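Take a look at the letters that make up each chain.
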Amino acid sequence: MVVHTDYLFFNTKKRQEFVRITDEIASIVKTSGVKEGMVLVSAMHITSGVFVNDWEEGLIEDFQVWLEKLAPSGLDYHHHQTGEDNADAHLKRTIMGHQVMLPITDGKLDLGPWEQVFYAEFDGRRKKRVIVKVLGR
Amino acid sequence: MVVHTDYLFFNTKKRQEFVRITDEIASIVKTSGVKEGMVLVSAMHITSGVFVNDWEEGLIEDFQVWLEKLAPSGLDYHHHQTGEDNADAHLKRTIMGHQVMLPITDGKLDLGPWEQVFYAEFDGRRKKRVIVKVLGR
Amino acid sequence: MVVHTDYLFFNTKKRQEFVRITDEIASIVKTSGVKEGMVLVSAMHITSGVFVNDWEEGLIEDFQVWLEKLAPSGLDYHHHQTGEDNADAHLKRTIMGHQVMLPITDGKLDLGPWEQVFYAEFDGRRKKRVIVKVLGR
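For the record, the sequence lines run as chains A, B and C. Counting along the first sequence from 1, when you hit position 12 you're at 42 in the numbering used here, and nothing is skipped either side. Counting along the second sequence from 1, when you hit position 128 you're at 158 in the numbering used here, and nothing is skipped either side. Counting along the third sequence from 1, when you hit position 54 you're at 84 in the numbering used here, and nothing is skipped either side.
FYI, nobody ran anything at the bench for these hints, they're computed from the structure. The structure displayed is predicted, hence computed values, not measured ones. Hints may contain errors.
Same chains, same names: a pair is fine if it fits in one copy or spans any two.
In silico lysine-lysine, DSSO-like type, Cα no more than 27 Å apart, as pairs [unchecked claim]:
1) Lys158 / Lys65
2) Lys158 / Lys43
3) Lys138 / Lys43
4) Lys44 / Lys65
5) Lys43 / Lys60
6) Lys138 / Lys65
7) Lys43 / Lys65
8) Lys60 / Lys157
9) Lys99 / Lys138
10) Lys138 / Lys44
11) Lys157 / Lys43
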């Protein structure tokens, strides 16, 4: 049984930004040598997430407009009494999800034709981390 | 360590449809021979999802009404400039979740009394796939 | 390969309540003896969830206000024709997520500085259960 751990680091220029990480995950899986198993990809911060969806710029814009509608920034959140201004980032990441588990078959990510993995930053311009943990044989 | 992989195929008659798959997953777990472990059930398409909730027709209708309210179809989404008309399906599946991990204890799915697994189709009438990956001993 | 299973029990005083369970999970991981692997933490009921976010009372209040807005209680849900009155609890738990998978590195939960694990109850005042399944070596 193999367990292989790695981390990805982010420091986005914009406060809110989606970064495609499929290739980075595939590369870590290759390094792990795991032929059959799974890989956990999980944000280690609570204002960012990880999700699987389409790599299409229009849809990415739709996601961001939609999230702003469901979880608006700039409201008078209780959390802001602590001096923070990012309550909406906590809510937005909750909708997108904070982690995914990707299947590995024959040494490769076993994804459908349109599945792409994204890191979703909602409070960027600072160093953030994602854990990538491969488990299998 | 056992890793056993299978796939479920769907081609729903309606564009939006929830299909119960608990028994299919249980059967794959049995075939795998795994006594202690977990099974990943993950949609391989980005307009469908997999979730655990109640097997009650009224609630399933509530889910669909609710999703239409939170992520309406028919809006002028950016994604539709590509010729697609299914942006809402991407959003709806994001709310429902695209995958679940189910525990296996004593050779069986270790679910609570009301937990049922569903495939959630939001852009059906075409062939779709779900990966089922069992991992354990 | 080690697979270790435990259960947490809840019976909250309030109908809706978030309970921090990070220490309980850490303790089960320690008992399992697993040094490298993952732990699944999953609600066994369909009106409660498990999520990772900030341990800050103001934000917890923000979450509850926000969930009530996105998935209001007291509406005339179809599910209520069965005699139930908790359709909103099913919807709320869907937004928060029903499970998480936590990485284990060097025998400990490998969490970011602000990551805390919570049990999210949306239909409490009754006995509920969460499965905790550790898998690794």
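### Hints that the structure is at odds with (numbers, increasing)
Hints 3, 4, 5, 7, 9, 10 contradicted; others consistent.
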